[in-house]
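Student: Residue numbers (the numbering used here), protein chains in the order written: chain F, 1 to 713; chain X, 1001 to 1156.
Do not take every clue at face value.
Said to hold, decoys possible - Cut-off 30 Å, straight-line C-alpha distance, at most; resulting in silico cross-link-like pairs (DSS-like, lysine-lysine):
no., chain 1, residue 1, chain 2, residue 2
1, X, Lys1064, X, Lys1082
2, X, Lys1142, F, Lys195
3, X, Lys1115, F, Lys660
Worth flagging that the hints you see were computed from the coordinates, not collected in a lab.
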Amino acid sequence: MNRRKFIIRATVGVGVTVGLGWLAKAPMRRALAKFADEVQGEYSGSEKAEVWFELTPQGELVLYSPKVEMGQGVLQAIAQLAAEELEIDWQKIIVKHASSAHGPLDSMSTGGSLSVSGLYNPLRTLAATFREMMRENAATLMNVSPDLVTFQNNSFVSGDQTITLAKLATQSKTWKKPKKEPKLKTRAQFKVIGKDLLRFDLLPKIKGEPMFGIDAAFPDMLYGSVVLPPVKDATFKSASAGSAASLPGVVKVVIEKNFAGVVATSRFAAEEAKKQIDVQWQMPEKLIQQTDLEALVKVGNGNPVSIQKEGNASGELKEGEIISAEFFSPFGVHAHIEPNGAVADYRTDGVTIRMSTQVVRITRDEVADALGLDKEKVNIEPMYLGGGFGRRLHTPHAIAAALLSKAVGKPVHMFWNRVEEFQNGFLRPATHNTLKAKLNKEGKIESIEHNTSSGDVAFTSPLFPKALYSLAGADFGAWRGAMVQYNIPNISTVSWRVQLPIETSWWRGLGLLANTFALESFIDDLASRANKDALAFRLQHLDDSERSMRMKNVLQAACTKAGWGKSLPDGHALGLACSVDVNTPVAHVAEVRIIENEIRVVRITCAIDPGLIVNPDGVRAQCEGAIVMSLSATLFEEVTIKDGKVTPNRLGYYAIAQLKDTPEIDVVLLSTGDSPRGVGEPPMGPTAAAIGNAVKKLTGTRLNRLPLKVLGQ
Amino acid sequence: MQLTFEINNQSHTVEVPEDMPLLWVIRDVLRLKGTKFGCGQAMCGACTVQVDGDAIRSCSYAAKFAQGKKVTTIEALANEEKLHPVQQAWLDERVPQCGYCQPGFIMATKSLLEKIPNPSEDEINDNITNICRCGTYHRMRKAIHRAVELQQKSKL
Ligand code: FES
Ligand code: FES
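Only chain X is shown next, with the shape it has when bound in the complex (with noise of 0.2 Å):
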């Protein structure tokens, strides 16, 4: 089929099969890698990316219902001069290890605080329920309350 729709801002046409995860044309087709294949399930959250701002897990979505949406991936988080708060607030607490789950975990967070700019711990834990193998949730959690003072602290 002839997708197409908006990444990062951009629009752009792509011809692909109507089911191949959309994953896969972020990745493959696009050459953007910071969006991750973990699991192909469902299951670990490394693909996350937003849709039209809602955090879903690109490898089990199917190409055709990105049609005509607003996908945004990790790449579009920083710019030039500024990390975004929640990039920001996982720098200041040193979470990734190896980082491969980060982007994933970033994305979903990102996702989070933009429905629910202040969650309550049970928000967090319901929300957030990516993996990360080399178990960097400790720092994590630190994160996600210093993106909401972030993000608080810019609105001022």
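Chain F on its own, in the form it takes in the complex (with noise of 0.2 Å):
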């Protein structure tokens, strides 16, 4: 840690504040390099203090999160890891979003995984230090050295003399930087890392408290409602107010230089009234056609990027005798179940927005830009948010909320309708693999060419300016899980990007399903090609390194529990696959029986190594999130694009995996190493591939689409 960097600062009245101003630039590079999956997050941002901790005068300690929750257990995760460091019961910190005004502001964003690996090594250095500090301050109220100061019971003590969190709060007179550089504690001291404890946001979501974006309000507040284009790549024209704005409970019919709304005093009269609203488009000169898509994305189509190479694969893959396989994904969406929206206060002095986001500060410099104020003016206020997976990246809801309460003066409450949702979300891109390989005498892969198709992940999201592409080459939000791990000798990954006419986006571990998909299906191929297990040919393949032997444990671990090689009950079959992701290896083993012709999964076995874990039964958790979103991925999720429309267009037609089709979930956790790394997507990797290659067992035939349907279904 940079000492220099540093940067702490006491506010009159409300305690202290420590900040830290990380390293600009080198993780923004870091994050677009070729290995991004070695990536451990970290922070960029300004050298000005940010306010982490606060010690209010009533004694309570506020951590104030740069991280938003969004399921992933995040709030719980880093409360443990201050409180490793603090020293104090993790019960008493009270963990808060930082809003945007107030900070710490991330310049990344909630997502790839990286909050806890990112956070791991800055938030516990802050809290030893703000440690220190309250214990020097502690020392000087009490007249002794520091060294005499312990900290028991939530308060500092020294001989009889007692200074409670309170009291060193508003007794205090100033706050230092601590003389004594904190040390931070090793793993093998940790006493509160490590531990499952009750994630304390659980009792209130079960209680049904009002935590969520569609639950801000504000006194006063009215219900707005934006008219959104009808098809894709149509744009606002013009628009007039028509009937709507004599409708009852009509406040004011809103027309911008982009978009027409609607204010009134309920939601349903602002929906109501938004019907008869007339706009004029400007419509495409042609719709946009499932079929024009699927021709774009091709291998072959549009820009290579080679992102592994080793050794001469195309040369050997020239003759001899090759296997060679094409898989295909199709769009889909994330279906977060609450809505996009916001709540939007603007005043003369600024505007005050509360409401989901995975990424609070280009929010609000967007706002800023879209109404031409001042980054300082625009205050966004994160609340929990109902379901993320990449689908908070975008925000222009904000802005629209933001401009309605211009329009009328007052408070406004503005959320899409799901079928908004649907035609407006940015999709999950549609892919397509195509693979070639060669095997020896001895039976092992001599070679293998592993060539990705896909729309746009990364490139789309206004966390990567378009100057940056150029450093990065290919989307590595689209190649994620498309480099082969296995150790062979000859290895060509190239990754082939097409900008499509529709805009696509992360969605929960972004191209790793369908690439995993791809490429353990084909490698399960391989290995019934050279009469080998699954299991023993993929050890076969992976050597003494460190990360080959993550590999191996995770697939070793999965495969014991699932009772891989046992017998099983007619019908039933397990199929394996792996893959690694933000450096997290994770082996799945799937049971699978087809009932009917559908495909039915039984259990998943998982076994992971996502590093040090602070909260096992966090990532145990997500581990079982995972496999469900990915399992409906594989079984249900397609959406195709008709005449610019996106359908299906409703839950339901759009299937989403249910309590009906949950299979067994069985996780195993390994841990290996200093640091933890990320957990929330490495888990989506396995599954579809898992599945299907059950799938081949049993009916003798490759599945090379999802979702994966067995013939006569």
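Dock chain to chain to rebuild the complex, using the hints, since each chain is given by itself in its own frame.
Tutor: What follows is the structure in structure tokens.
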């Protein structure tokens, strides 16, 4: 830790703040670097002091989180990280989302499975520093040397003197950088990190407390609604209020430069009035059709970028017995259950917006830009997210809410309906993968070539300014999971970038699911071609390097737990697959049966090695959730574009896994290394391939298209 | 219309359009935010409440149908000292992730167990058809079984 980067600032009255400006630029470059899956998330940011901790006069210790809670348990994890070094009972720490005006402000997003790994060192360092600051101030107040001060029962104690946190907050005159540089605990010394503590946000969620974006309110709030484009690529030309203005409850029909909307006294009135607004759209010359998109997403189209090259795969694969295959996955939607929206309160001195967002800083900047306000005049107060999955990286609705509020001079609450979510979301891109390989005489893979084609994932994101594309080359979102993890003499992996006429973007795990589906299905086919057991074949292609050993360990752990090789009930089969993402290897074994042409997944056994584990139950929950979401994509989910419209545009018609589809799930946790790695997305990887590999054992047929359907379905 | 109904054992009279979904009466007029909006199409179950004991999807239930009825929402389940057995089971099994869908599932489960105190797997699968995008179903199933146990115990 570079000491120069520490800035510590005391504020008057409300206790104390600690801040840290992190290394600028480098992380952005690194995030774009070729081996993005090795990146441990970091922060860039200003040198400005930012408020991380606040000690209130009541003796509460508030920790402001730059990461938002979207179900992944990040607030609980950072409470545990901070408590470890603060040596305060973790339940005494109140974790709140930082607002953009208050900070700390994350320069990136909450996503990419990087929250805990990225905060692991910085936050512990901050907490330890703050602990020493408190200790030194307590020592001053007691007139003793800091060495003689201990922390017991949430108070500082020396001899018979006691200083409570409240007293410390109110009586400290100044707050200074500690004289003693704090030493961080080692893994062996941890008392809070690694514990299965009950997440503090579960009880309020079970009670239905108002904590989500859609629950946020201001006094005197009105309800708004905005007319969104009817088809992809239509742009706003002009609008007239029509009969909307005279409908009951309507406060104002708002017509802006690039949208029309309405504000009313109730949501029902706003939605009814919206139907009457007459909007002129600039329609695209030709309505977009699924077939156009399918023709574009094809290996060979667009720009190829080599992302992995060892030996001379293309030369080797010119002759001999070549085994080849291709795989497809469709467009999909996020289907987060809380729709996108915001409540905005526009005043002459600035605008406050409460909402669910994964990108607090970017939302703020976009609103400031659109409204011509200084950034300091826009305060984004993040609420709990009703699901994120990458969908809340794009937040234009915040601008609409702010403009509606400005137009009526009152706070306005505005949310999209579900049809609008389907039509206007950023889709998970469709993909096409081709593979070629050759085996040697011993039945080992001699050469392999993997080509992947996908719509944009990272490149559409506001996180990555266009200027950086050339630096990155291939869209690392799209090729996540595409690199071959096995030790093979000749490997070539190429990512083909196509720009589609519709918006596609991040979806939990990015390309991981589709790429692993292709690669690990193919590996199984090579294993059967070589007459080898799927597990033995994989192990044979992993060496003794640390990375390979971790992969071998998850493969073996999953197989042992799942009873690989043991006899199964009639009509059941096991399928195996593995992947590595953000340096976290995962293996799944799927137990599958087929009933009346319907694929039923009976059980999924997962083994994961995410490095150091902060909250084991939190990791298990993330694995279970990712397994269900990827199973849903494997068996059910698909949208197509018809005449510029996303179809279907209703939940239910867009099938998503339900309780009845959920298999038994076993999670085996391995934990090597001294720092945490990502957890939220890696278990998305192997699901489709593991299920497909089991289906092939049952039917003899390789299914190469998601969602998987057996014949007759 | 003038809508008079009981919500969480309190009588209310509100002036609302008769076709306004009950969900918005609950959330926006009465400001009980525990009941969620997910789809507005009766497809996700995030808006599930009980009307005279039946689980209904309040986004697709016009206000006029609630006239004179008893509505129960998630807010009525716990009292000062105690969670409802379904909520307790949900906490014991640590079900929620993002949590957004959970009130709807808890209400659907409460209603199911009032009608079928010890449901079979098929009865659970057929009756709990809400959507949880975070994929917490695996723990929900355990929580439903645990709620059955807790309710049986509390009756002893
Ligand atoms: S919001 Fe009522 S079922 Fe989805
Ligand atoms: S917990 Fe997030 S949708 Fe169910």
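Student: All the hints need checking, so say for each whether the structure fits it.
Tutor: Verification of the supplied hints:
1. Straight-line distance between C-alpha atoms of Lys1064 (chain X) and Lys1082 (chain X) comes to about 33 Å, which puts the hinted pair past the 30 Å bound.
2. Distance hint between Lys1142 (chain X) and Lys195 (chain F) is fulfilled; the C-alpha atoms sit about 22 Å from each other, no more than 30 Å.
3. Distance check on the hinted pair: Lys1115 (chain X) and Lys660 (chain F) sit about 20 Å apart at the alpha-carbon level, within 30 Å; holds.
Violated hints amount to a single one, hint 1; each of the other numbered hints is respected by the structure.
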